[in-house]
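Based on the sequences and whatever the hints tell you, model everything.
Protein chains in written order, with the working numbering: chain A, 117 to 516; chain G, 4 to 308.
By construction, these hints were calculated from the structure, which means they are not laboratory data. Yeah, the Cβ is synthetic: ideal placement off N, Cα and C, and Gly gets one too. Treat the hints loosely; a few may be bogus.
Unchecked claim - Listed below are the simulated PhoX-like cross-link pairs for lysine-lysine, each with C-alpha atoms no more than 25 Å apart in a straight line: (1) A/K284 / A/K214; (2) G/K214 / G/K203; (3) G/K293 / G/K275; (4) G/K293 / G/K245; (5) G/K120 / A/K149; (6) G/K245 / A/K511; (7) G/K9 / G/K279; (8) A/K149 / G/K14; (9) A/K425 / A/K511; (10) A/K481 / A/K511; (11) A/K511 / G/K275; (12) A/K316 / A/K284.
Said to hold, decoys possible - To give an idea of the chain G side of the interface with chain A (calculated C-beta under 10 Å), a few residues: (13) I58; (14) I82; (15) L91; (16) A105; (17) D106; (18) R115; (19) I284; (20) K293.
The residues making up each chain are set out below.
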Amino acid sequence: MKNSSTDSIAPSDGISALHKGNALLYQLDEFMKPRIIAIVQKEFLHIIRDPRSLVIVFLMPIIMVLLYGYAITFDIKEIQLGILDENRTPASRELVQKLTSSNYFKIMADLQSRNEIEEGMLQRRFVAALVIPVDYAKKLKTEPQSQVQLIVDGANSNTATVAINYAKSFFMMYSLEMNTQILVPPLELQPRIWYNPDMKSAHFIVPGLVAVIMMLICTLLTSITITRERESGTMEQILVSPIRPYEIIFGKIAPYVILALIDAIIVVVCARIIFGVPFRGNPLLLLLFCVFYVYASLSLGVFISARVKTQQVAMILAQLTTTLPAIMLSGFIFPIISLPIVLQIISYLVPAKYFLTIIRGIMLKGIGFGYFHQPAIFLLAFGTVLLLASVNRFKTNLEG
Amino acid sequence: MTFDIKIVGLKKSFGSILAIDDLHLDVHEGEMLGLIGPDGAGKTTTLRMLSGLLIADEGVCLVGGKNVRSELSAVRQFIGYMPQRFSLYPDLTVAENLRFFADLFQVNKEERENRMKRLLEFNRLSPFSNRRTAALSGGMKQKLALSCTLIHTPKILLLDEPTTGVDPVSRREFWDILKELRASGVTILVTTPYMDEAAKCNRVAFIHNGKILLVTEPEKIAHHYKNTVLEIVCDQNVKAAKILIASKQFDSVHSFGDRVHLSSHQTSEQMKPMIKNLVEIENIQINSMKEISASIEDVFVELLN
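See below:
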């Protein structure tokens with residue numbers, strides 16, 4: 117046992133010296149560390165020591181990229197087709213042969229009766245069935261027009277539309293091939309798709325994910341950062357220091373700016389490597405706009421956090437006001453034009469909408485700074501207004 | 004500049020509840036004043052108003068001669084406030100917590116490391132400086148909280164029930180530390196629900212329903228009490244107290260744990276036979292009965308009535 121444990125607490129001059137040895141007691145020292153840096157350092161320590169926030173920051177973006185990238189796809193490579201050939205002639209067999217060799221259809225079943233069509237669709241063996249009638253070959257020779265029937269499963273309207281379009285263009289080509297003297301329409305539309313010529317969903321979705329994930333990280337983590345200190349009582353201890361509201365608020369959001377940017381980089385790199393999403397623009401330009409976007413999103417998180425009392429309420433509010441609009445009202449998946457007019461108007465207040473325009477523009481189109489005045493101004497203004505409102509509302513006392 | 008506290012006509016309500024009702028209190032420079040009262044008496048509210056965490060509805064708080072309302076940031080430079088609830092970061096180490104609070108008060112680096120070393124030694128936390136705060140015992144947590152409060156060498160300390168929930172040994176140790184601080188010239192205002200702790204202050208203020216009932220020195224407490232106080236130890240305290248109250252022969256009867264205190268303007272010689280008669284009829288065995296000097300409890304109970 118140590119002797120010291122039975123001694124009196126300390127030589128009484130210990131504490132006196134503490135006071136005496138500090139002549140410049142209340143004068144600010146020129147080497148002092150800004151309080152804001154102290155808050156930033158402390159905030160970083162919280163993040164590093166909390167496994168949950170590390171998971172949210174580093175694992176969640178990767179999981180989301182994989183989930184969204186693979187799961188949300190509108191791509192239809194081949195239409196699964198059932199064929200009911202009632203004709204059974206060389207002409208009908210030629211048609212089937214042509215269909216098989218096209219890249220648009222995959223023949224799943226050779227049907228024997230009309231009953232089998234329904235059966236096959238219910239079992240989801242194919243989404244469309246082509247019926248070649250008994251008089252197909254005969255009509256081809258004798259009449260100006262012969263008809264075939266396409267029955268499509270409309271349960272998935274997206275797939276049905278694609279199947280009909282594929283079939284239309286196939287039969288157009290096939291008709292031309294069979295009869296070269298057919299009258300060609302005087303006007304022909306030749307669509308060409310730019311920026312995402314293969315119409316790959318991932319190219320469309322994954323850049324949008326950057327917007328959603330950054331919004332999620334920024335608001336989820338910052339919305340609880342201030343309420344957590346209120347709940348645990350640590351705010352009370354901080355507030356009795358000479359700290360100012362802006363020092364607390366800026367000090368608290370600064371670490372998350374860096375984390376959100378790291379997330380942006382993770383998602384973009386994943387997009388490039390896993391989904392082959394092109395990056396045609398300037399990465400530094402994108403990073404700059406990410407900073408603007410993070411600024412807007414964090415301000416929203418802080419705005420919520422400075423207003424509510426408990427972490428739970430903060431998280432629910434953050435979800436409602438940020439993540440949900442970022443997914444639904446930003447054009448991430450659903451085009452804004454097809455939203456009801458009220459939601460369209462609300463969408464103008466969603467930062468993700470502006471950032472989506474920017475990131476898709478930079479990654480897919482490679483366009484430069486000049487095209488993004490408006491979204492940039494919006495993001496900066498949005499962030500500034502909310503941040504000022506938060507600082508203004510934030511009081512260094514426990515009232516209200 | 005004198006580091007004292009003056010509270011004049013303080014009022015504060017929360018909704019319809021009047022928490023502080025025309026409170027007046029002076030704490031002199033260099034003294035340790037114990038603010039004692041039951042839960043809900045207004046102790047925490049008073050300290051929070053002194054530190055500017057709550058804004059008074061009426062009245063003035065002068066801390067170190069400065070008005071808390073209008074010169075709050077100056078006041079916050081020289082006060083140290085320790086909230087009742089443990090308010091440090093459990094995921095930071097002892098040293099990191101200290102460093103953080105030093106930085107909040109912009110103590111420069113060299114000075115900071117110096118003070119940290121001294122405070123850790125003073126509070127015997129040196130061996131734990133790299134331990135996460137969450138892993139400290141209750142007593143160590145309170146000592147760390149006090150250290151964080153002291154890191155900017157405040158001249159006035161406001162401590163809100165600093166030893167609630169702390170084991171008796173740590174409590175004694177903590178009060179020894181406060182004594183040292185007072186000896187070094189720090190003005191201390193400490194709230195406590197414990198009577199024995201209040202007795203360690205050089206003055207005691209009784210607070211109840213948001214009002215100060217009495218301010219006195221612990222040694223003079225008996226002077227405020229004119230009556231004779233008898234302490235009775237018997238086998239059925241509660242029952243005995245009930246009987247004595249029902250007899251209406253005494254000014255006050257209260258049971259404190261395993262004993263009954265009763266007071267009267269009569270002498271103890273007059274009281275003893277009366278008590279014996281009243282109690283023994285009911286088959287209650289009296290173990291001891293003696294005259295004592297009034298304690299803080301007795302005074303408080305009398306003040307409350």
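Hints, one by one, checked against the model:
no.	hint	in the structure
1	A/K284 / A/K214	14 Å, holds
2	G/K214 / G/K203	22 Å, holds
3	G/K293 / G/K275	9 Å, holds
4	G/K293 / G/K245	19 Å, holds
5	G/K120 / A/K149	19 Å, holds
6	G/K245 / A/K511	52 Å, violated
7	G/K9 / G/K279	49 Å, violated
8	A/K149 / G/K14	38 Å, violated
9	A/K425 / A/K511	14 Å, holds
10	A/K481 / A/K511	46 Å, violated
11	A/K511 / G/K275	61 Å, violated
12	A/K316 / A/K284	22 Å, holds
13	I58	6 Å, holds
14	I82	7 Å, holds
15	L91	7 Å, holds
16	A105	9 Å, holds
17	D106	3 Å, holds
18	R115	9 Å, holds
19	I284	53 Å, violated
20	K293	34 Å, violated
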